[in-house]
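Asker: Count along the sequence shown from 1, add 27, and you get the number used in this note's numbering.
Keep in mind that the hints were calculated from the coordinates and are not lab data.
Careful, some of the hints might be misleading.
Unchecked claim - Restraint ranges, calculated between C-beta atoms of paired labels, are given here:
#1 220 / 304: 25 to 31 Å
#2 219 / 174: 28 to 34 Å
#3 148 / 59: 46 to 52 Å
For glycine and all other residues, C-beta sits at the position ideal for the given N, C-alpha and C.
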Amino acid sequence: MIGSEALAITCGLCSALAWGAGDFAGGFASRRGNALTVVLFSQILGGILLTCLTPLFAEKAPDTRQLLFGILAGAFGVLGLVGLYKGLASGRMGLVAPLSAMVTAVIPIGFSFVLEGLPGTLLMFGLAAAMVAVWLLSSPGGDMRIQKGELRLSLLAGLGFGLFFIMMDHASGQAVLWPLLASKIGAVTVMFLILTLTRQLAAPPKGQVGFIVLAGILDTAGTAAFTVAAHLGRLDISTVLASLYPASTIMLAWLVFRESLDRRQWFGVAIACVALVLIAI
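Working from the sequences, and respecting the hints, build out all of it.
Answerer: Given below as C-alpha cells:
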C-alpha cells in the first residue's frame with residue numbers, strides 16, 4: 028500500500044504537470060484576448076466543477092477559519108494567475124514560467140524558516156542553486172535578456188502563488204474539496220471586482236473557449252492535487268514539487284511555438300530543476 032509521504036510526492040508532481048499544461052493553455056488563450064477575462068472564466072469553470080463534485084463526497088465542512096484561508100488562497104492565487112498569464116501572453120513562456128516558479132518556491136520556504144528555523148544542508152544548497160538559476164535566466168544575453176515587463180509579471184506570479192501555497196496549506200487541515208471550493212469563490216470574486224472596476228468585463232475571446240475550458244479544468248486538477256499533497260505531507264516538499272510546473276509549459280512552448288532559450292538560459296533551467304529536487308529531498 029502506498030504510504031502517505033509517497034502519495035504526497037506523487038500528488039505534488041501531478042499538480043506540476045496539470046498546472047504547467049493549464050498555464051500553457053491559459054497563456055495561449057491570453058495571446059488572443061484579455062488575460063483577465065481568460066482568468067475569470069477559467070476560474071468560474073473550476074468553481075462550477077467543484078460545486079458539482081463537492082456534494083458527492085462525504086466530507087465534513089471545515090470550520091469558518093479554514094474556509095477563510097481557502098478564500099484568501101484563491102484571492103492570492105488568482106493574482107498570481109493574472110501575472111503569469113499576462114507574462115506568458117506578452118513575453119516568452121520559456122523564461123516567464125521558470126522565473127515565477129523560483130519565486131513561488133522561495134516564499135513558502137522562507138515562511139517555514141520563520142516557523143521552523145533554518146533547514147538542513149541539502150535544502151540550503153537547493154536554495155543557493157535556485158538563486159544561481161534565477162541569475163542565469165535573468166542575466167543580460169543579447170536579445171534574450173529579460174525585459175522589465177517579464178520580470179515584473181514573473182515576480183507578481185511568484186508572489187501570488189507562494190502566498191496561495193501558504194494559505195491553502197492552512198485551509199486543508201480537515202478537508203480537501205471544501206477549501207478548494209472556497210478558493211474558487213475568492214478567485215472569482217477578486218477577478219469580477221478587478222474587471223468591473225477597470226471596465227474590462229467582457230465575453231471570452233472568440234475561438235479560445237476550448238483553451239479556456241482546458242485551462243480551467245487543468246488548473247482545478249492541479250490545485251486539487253497540491254491540496255492533497257499539502258494535506259498528507261510537508262508544505263515545503265509539496266511546494267517545490269508543484270513548482271516544477273514550468274517544465275511542461277516549456278516543453279509545450281517548444282513543441283508548439285518553437286521557442287528557444289540560449290545555452291546559458293537552458294543551463295539556468297537545468298540548475299533550477301536540480302535546485303527544486305535538492306529542496307524536495
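Asker: Which of the numbered hints above does this structure break?
Answerer: 1
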